[in-house]
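J.: Sequence lines, in order, name chains A and B.
Per the numbering used here, the first sequence starts with residue 1, numbered consecutively.
Per the numbering used here, the second sequence starts with residue 1, numbered consecutively.
Simulated from the structure, these hints should not be mistaken for laboratory data.
Misleading hints may appear alongside valid ones.
Claimed, not checked - Take a look, some chain B residues computed to stay more than 12 Å from chain A by CB distance:
| id | residue |
| --- | --- |
| 1 | Ala5 |
| 2 | Arg6 |
| 3 | Arg67 |
| 4 | Asp76 |
| 5 | Leu97 |
| 6 | Pro226 |
| 7 | Asp249 |
| 8 | Asp285 |
| 9 | Ala299 |
| 10 | Val373 |
| 11 | Asp378 |
| 12 | Leu384 |
Said to hold, decoys possible - Going by beta-carbon spacing under 8 Å, a handful of chain A positions derived as facing chain B:
| id | residue |
| --- | --- |
| 13 | Ser42 |
| 14 | Thr84 |
| 15 | Leu117 |
| 16 | Val132 |
| 17 | Cys134 |
| 18 | Pro234 |
Claimed, not checked - Below 30 Å or equal to it, Euclidean Cα-Cα: the simulated DSS-like pairs (lysine-lysine) are:
| id | chain 1 | residue 1 | chain 2 | residue 2 |
| --- | --- | --- | --- | --- |
| 19 | B | Lys8 | A | Lys54 |
| 20 | B | Lys251 | A | Lys54 |
| 21 | A | Lys104 | B | Lys8 |
| 22 | A | Lys54 | B | Lys30 |
| 23 | B | Lys8 | A | Lys38 |
As the structure is a prediction and not an experimental result, all values here were calculated from the model.
Even for Gly, the Cβ is constructed at its ideal location relative to N, Cα and C.
Here's the letter readout for the chains.
Protein chains: 2
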Amino acid sequence: MTDFARTKSLFVLPEGVIYLDGNSLGPLPKAAAARVQKTVESEWGNMLISGWNKAGWMAQPSHLGDRIARLIGAPDGTVTLGDTLSVKVYQALAAALALRPDRKKIVSDNGNFPTDLYMARGLIESLNAGHVLCTPAPEDVADEIDTDLAVLMLTEVDYRTGRRHDMKALTQAAHAVGAIVIWDLAHSAGAFPVDVAGCNADFAVGCTYKYLNGGPGAPAFIYVAPEHIENVQPALAGWLGHDAPFEFDLKYRAGTGIERMRVGTPPVLQMAALETALDIWDLADLKDVQAKSIDLTQAFIAEIEATCPSLTLASPRDPNTRGSQVSFAHPEGYAIMQALIARGVIGDFRAPNILRFGFTPLYIDMADVQGAVAIIADIMTNDLWDRPEYKTRARVT
Amino acid sequence: MTDFARTKSLFVLPEGVIYLDGNSLGPLPKAAAARVQKTVESEWGNMLISGWNKAGWMAQPSHLGDRIARLIGAPDGTVTLGDTLSVKVYQALAAALALRPDRKKIVSDNGNFPTDLYMARGLIESLNAGHVLCTPAPEDVADEIDTDLAVLMLTEVDYRTGRRHDMKALTQAAHAVGAIVIWDLAHSAGAFPVDVAGCNADFAVGCTYKYLNGGPGAPAFIYVAPEHIENVQPALAGWLGHDAPFEFDLKYRAGTGIERMRVGTPPVLQMAALETALDIWDLADLKDVQAKSIDLTQAFIAEIEATCPSLTLASPRDPNTRGSQVSFAHPEGYAIMQALIARGVIGDFRAPNILRFGFTPLYIDMADVQGAVAIIADIMTNDLWDRPEYKTRARVT
């Protein structure tokens with residue numbers, strides 16, 4: 001049984017804050033500061049160039065990849081780290097399309113995180129080979145699976161609503177028509193048990209700064225099913241994906257297995273921070289995480305609905321079809337979230353009208369839920385959000 | 001006049017080490033540890049998600065981009081940071097080819113760093129539009145510039161020999177036949193004055209962990225000439241290159257100016273370290289850096305040639321056609337470099353036979369040159385490299 005009091009004690013959680021935004025950026029593991037400092041001073045500072053071998057920097061993407069593999073149901077040697085999630089989506093889609101050269105149809109959905117769709121469109125324009133990207137509503141995805149389908153590319157959990165696709169069923173349906181399937185696990189990894197191997201996913205990608213708590217700008221990950229990896233010729237053929245990077249061969253020769261999905265120099269300081277986050281994950285069982293997430297989210301929904309009738313549930317009511325977040329809709333969602341943040345309840349506003357709250361059992365407990373509900377109810381009941389300072393939107397870029 | 005004693009004092013330089021490898025990984029700025037710690041503890045730890053705005057993380061790629069722009073002769077607002085150099089090469093080449101849709105010839109050279117060529121080949125395969133990549137010897141590049149040329153893509157300084165292309169003349173020649181020019185400044189930025197605007201470069205890319213001292217895994221940079229940027233539709237169309245990322249628009253709309261070359265979430269910890277390195281660059285005049293580099297490298301060549309006749313100069317003798325490195329060839333180069341490293345003289349071995357020494361005036365001075373020469377001469381004169389332990393090559397990946 002996971003000791004959640006212990007895991008909570010391992011994070012820095014500022015006084016006066018109830019942090020329901022760990023699905024956007026996880027909090028700081030207490031061990032991260034010292035670990036990053038060690039990497040900066042003892043490794044970079046003292047080892048200089050030899051840190052690549054002596055401190056193990058060069059092998060970190062594989063080592064950390066194996067640790068992430070365990071969290072998503074993947075075998076060792078099938079996951080590597082690097083780049084951003086956008087770049088990993090591009091790599092996965094390029095490889096997947098190359099496995100189905102005679103098909104032109106790509107299906108995603110209109111609830112996918114926009115960057116996945118942008119990267120797909122950028123790739124389609126580069127390929128200039130007549131690929132078509134279909135983006136039905138999430139609930140209509142299954143209807144688009146037919147024998148024209150090259151690649152089904154979905155984010156398992158909708159970033160707006162928390163709606164969760166049936167990963168196993170959709171993968172099976174796509175395979176039945178001969179298509180390749182890519183899963184974006186941005187809102188899945190660390191939120192509940194994921195089983196990429198059991199679902200027969202062909203590719204999976206994700207980020208490590210949300211539920212995994214790797215820190216701002218932490219690298220992304222990519223999984224490629226063992227049956228495909230030797231057939232993948234990376235579109236982003238970087239030197240660290242070469243079979244022998246330090247031979248400085250002028251000809252690219254794809255590295256063994258998942259190593260070929262590496263591109264350039266890995267972000268050593270970011271990986272050091274991520275490592276401490278993964279140490280905490282070693283203490284957790286994702287089945288326990290999911291059970292606690294269901295307790296927290298069900299209680300949150302029940303209490304918000306009981307106290308704030310103007311907030312409309314925008315997430316699935318059934319926890320088995322929902323990720324570890326709860327969203328409510330309100331036309332004044334932006335101002336309400338500003339008012340909440342001013343009172344220390346941190347969630348996200350997602351245009352046009354979504355208030356999004358992430359529930360991260362490693363460090364959020366029922367007392368946090370009660371505290372958040374009390375503040376939300378106060379703000380809604382007394383219209384405390386209805387102030388000009390909460391309504392001015394800063395342009396964020 | 002740059003105060004090089006002062007700049008040297010701002011780096012951590014381990015006792016007993018003469019570090020002639022700053023062209024591979026620059027040393028640790030003394031201020032970096034505290035700055036990274038602040039980012040980890042005060043920003044990530046206390047601000048959590050609000051760090052993106054409050055701590056300025058989101059704007060860092062533009063701010064640091066402007067600071068790098070000053071080091072490469074680019075105007076403000078034309079350089080941004082992110083990803084790795086391999087990815088930036090891909091972005092630049094994809095954009096450059098799109099500007100010359102009717103031409104199929106890409107010219108680089110066989111001294112380019114392999115990842116640039118790999119990325120180009122990966123892109124060519126994706127485009128599947130008949131592009132051809134020519135890789136003549138560096139000295140024969142000019143002969144390949146003709147009216148078929150779409151893109152000339154060169155690394156200004158050869159990573160093996162230090163041979164430096166004539167950036168202005170080659171750019172002019174390529175423009176005269178209507179081609180686009182991309183310069184990889186990996187071994188130029190921070191090594192000597194670069195003038196991308198004065199040379200009319202169309203694109204430039206580079207890394208920040210070599211001469212710029214940004215640390216292991218520091219992000220890459222990309223410059224796009226103002227006359228082109230509004231015509232560039234990024235192949236890697238990531239959400240942070242969107243005109244309004246937080247509108248979560250399903251359609252990609254390229255951001256203003258250089259912002260569109262951003263892709264995904266920037267590496268916040270790496271940028272914090274880089275910032276302290278750029279603070280040191282604020283104290284330096286690159287003309288002084290170049291003058292001192294010439295003094296150091298000319299002295300090194302003269303003394304090595306006088307004491308070690310078996311080492312053959314592999315770099316241009318004329319400092320005006322050389323970057324800030326000196327390479328010597330020797331059939332036993334690998335073992336010799338291992339013996340040097342064991343004695344604290346850190347350089348690089350580059351297959352098959354190159355001993356490479358980088359000269360970085362911010363923290364290397366004439367006393368370091370004398371010290372290095374004495375050790376190299378001892379090792380060569382007394383065949384101290386001729387030991388089994390120096391000859392066993394570890395496979396590095």
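J.: Checked against the structure, which of the hints given earlier come out wrong?
T.: Going through the list in order, the structure violates hints 5, 7, 13, 16, 17, 20, 21 and respects the others.
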